[in-house]
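> Throw the hints in and build the complete structure from the sequences for me.
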Amino acid sequence: MNELLNVSAGPHVRSKYSTDKIMGLVLLSLMPAAGYGIYHFGVNAAILIVVSVLTCVLTELIYELVMKQDITISDLSAAVTGLLLALNMPPTAAWWLPVIGGVFAIVFVKMLFGGLGQNFMNPALAGRCFLVICFAARMTDFNYDGMTSATPLMMIRTGSSVNVRDMVFGNIAGTVGETSVIAIVAGACIMLAFGIIDLKVPASYIITFVIFMGLFAGRGWDVNYLTAQLAGGGLMLGAFFMATDYATCPITDRGKIFYGICLGLMTGIFRCFSSSAEGVSFAIVFCNLLVPLIEKLTLPKCFGKGGEV
Amino acid sequence: MSGFTFKGGIHPYEGKELTKDKPIKRFVPEGDMVYPLSQHIGAPAKPVVQKGERVLSGQLIAEAGGFVSSNIYSSVSGTVKSIAKHRVATGDMVESITIEGDGLFETAPPLPVGEIAEMSKQEVIDAIKLAGIVGMGGAGFPTHVKLSPKDPSKIYYCIVNCSECEPYLTSDYRRMIEEPDKLVAGLKIILCLFENAEGILAVEDNKPDCIRKLKELTLDEKRISVKALKTKYPQGAERQLIYATTRRAINSSMLPADAGCIVNNVDTVVSIYHAIIEKRPLTERIVTVSGDAVREPQNYLVPLGTSYRQLIEASGGFVSPPEKIISGGPMMGFAMFDLDVPIIKTSSAITCFTKDEVAARKPSNCINCGRCAEVCPGRVIPARLADFAENRDEEKFLLYNGMECCECGCCSYVCPAKRQLTQSIKTMRKQMLAKKKK
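Chains as they are written, first to last, in this note's numbering: chain A, 1 to 309; chain B, 310 to 747.
The set of hints was computed from the structure by calculation and includes no laboratory data. Hints may be right or wrong, so weigh each one.
In the DSSO-like style, the derived pairs of lysine-lysine whose C-alpha atoms are separated by at most 30 Å in a straight line are [unchecked claim]:
{"hint": "1", "chain 1": "A", "residue 1": "Lys-296", "chain 2": "B", "residue 2": "Lys-745"}
{"hint": "2", "chain 1": "B", "residue 1": "Lys-745", "chain 2": "A", "residue 2": "Lys-68"}
{"hint": "3", "chain 1": "B", "residue 1": "Lys-739", "chain 2": "A", "residue 2": "Lys-305"}
Next up, the structure:
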């Protein structure tokens with residue numbers, strides 16, 4: 001008998017979930033949105049996705065080689081960042097935009113702070129915000145049906161009417177992955193079914209946003225208008241795929257709800273009062289910075305000391 | 310009927326089907342038997358035999374070294390070979406009495422215990438102390454101490470922990486199937502001590518046959534009820550069990566008695582029956598030998614002092630070389646590096662795995678997913694506590710209620726990054742408790 005036995009502290013069994021499986025499932029859940037983006041916007045969308053994912057994965061690999069760290073690209077988190085970044089690009093963007101955004105996201109937002117889980121804001125969104133600031137014109141150039149067209153949110157702002165049904169199906173201008181509510185919700189359902197996310201953040205975000213818009217957007221409780229606001233811009237993609245990013249949302253239950261409320265308020269404020277019609281990316285990146293504070297405020301009471309059981 | 314539960318917890322692979330239907334086999338040991346003097350919480354026992362002395366099965370060989378301590382009896386007849394340090398399942402070297410068995414199993418006279426009907430409460434407790442009974446679920450807290458709370462009239466619930474939530478273990482299950490009458494009789498003895506208490510047999514609902522049997526047996530017992538608990542680990546953890554059955558929540562600085570509860574494990578209650586009714590001391594227990602590396606998984610009635618190696622040999626040895634052998638179950642058990650250690654009062658199982666899931670994956674960065682906080686029955690945030698523990702940040706560790714961890718292992722089990730959360734928190738707790746004592 002082999003007498004060399006492994007010794008470690010208990011427990012001696014582990015669940016089947018691992019980081020790479022979770023990230024793999026997130027990638028799978030993004031497939032409907034990515035697939036629809038390619039179908040809807042054509043070849044350039046596919047190129048952006050491939051370039052963005054490759055950039056992020058290679059950047060992480062090179063960074064780790066140069067810094068002599070363990071290679072972690074097999075945890076798939078860089079691929080998720082790359083895909084999310086691509087889904088947030090205008091479909092006609094040049095291929096080198098996601099390269100710049102991807103390098104920024106991986107190096108400056110993720111790796112310099114310690115890699116996976118240590119980033120203080122969502123790398124994909126930080127990358128996108130960086131690009132929006134540096135290349136404002138290119139990042140807001142939404143070319144659709146062969147002509148430069150406005151996104152539905154800009155159209156609402158200028159007072160023209162929008163087709164809400166088209167917005168739900170995604171038959172509109174917008175970034176690669178944000179247009180189809182149906183595709184995004186289908187992906188979100190996969191994540192919910194596998195227990196990767198729960199509804200605390202998305203639900204409190206969306207409900208707060210709707211209430212804010214109903215009260216302050218000046219259009220009252222116009223169902224058509226509110227639905228257009230929900231379906232337009234990156235709200236759905238942001239609420240289900242980016243606000244729920246583990247590393248940049250609070251770990252406590254109450255904190256998650258509080259965070260969702262902050263997101264709803266910030267998005268509402270940006271959409272109603274800022275110069276841009278969009279606001280999801282900046283709202284999420286801003287609220288990411290509040291997370292440590294939210295967590296401190298929402299420390300749960302423990303079992304036997306008045307904690308909920 | 311399974312409304313009795315707590316928040317959090319996990320559902321690991323149970324593995325109970327390996328030994329669930331294996332009737333308890335009496336194991337007859339050979340050769341040397343080892344009796345560590347510390348098989349319980351509290352002061353070590355003091356030897357009352359000399360090297361070379363002949364002892365009988367059921368003879369006192371070491372007596373309690375204080376109030377919180379316990380008597381130890383020989384489980385075989387033979388000669389005292391040595392009194393020296395010997396390795397135990399946790400890896401420590403503990404002063405132990407070794408007896409060379411002669412294979413005759415000559416028994417000592419029964420314990421000097423009166424008839425239950427004529428015994429006072431104190432006499433019952435003294436008899437339990439005499440018999441050397443300790444909590445056999447794993448902690449090993451001397452039972453006579455547990456049964457002597459400050460105010461016995463304020464004990465309202467005597468709970469028998471029949472949940473056996475630890476994966477792979479079926480020793481309590483077999484006991485309930487084969488000797489439920491002794492369990493009920495044992496509980497009735499405990500209830501004699503606490504006139505205001507009701508008895509609760511708390512069984513997880515993955516053992517419907519036990520629930521049925523115990524319900525039948527307690528049909529006419531007004532003071533005893535059977536409660537079916539949701540099957541979930543750690544349903545049998547003391548604080549969670551008390552909450553599930555009585556809705557009373559206690560924290561780490563309270564005793565079950567503070568919530569009017571006394572909790573005992575199945576084997577402990579049956580041992581009380583043995584002591585009072587059959588007048589014999591604690592010299593044996595049921596041990597499950599299981600895991601995918603064992604050829605014939607079994608439940609054995611084992612004389613204390615038997616070596617783990619003998620039990621594994623009796624189970625047909627290993628199918629293939631094991632990577633990990635655990636004393637106890639996979640959640641709370643101790644990994645062993647040596648099989649020549651004795652079965653003691655708290656040894657419930659030997660679990661042998663051909664693959665070690667812990668070594669299979671390297672810990673990686675925390676992704677802050679919150680699964681650990683979700684499953685934590687103590688409602689703390691293990692991911693943060695482990696960070697504080699690794700940074701030796703005592704202040705933050707206390708602020709985040711690190712001392713409320715019950716070390717159940719749920720957080721390490723679910724962690725997708727495979728962090729050793731429980732281990733870090735456990736170490737920090739131990740250091741802080743040691744510091745407090747100083």
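> Take the hints in turn and mark each one as holding or not.
Outcome of the hint check:
1. A:Lys-296 - B:Lys-745: The given pair, whose Cα atoms are some 27 Å apart, holds under the 30 Å limit.
2. B:Lys-745 - A:Lys-68: violated (42 Å)
3. B:Lys-739 - A:Lys-305: Distance ~21 Å between Lys-739 (chain B) and Lys-305 (chain A) Cα, so the pair holds.
Hint compliance for this structure: hint 2 alone is broken.
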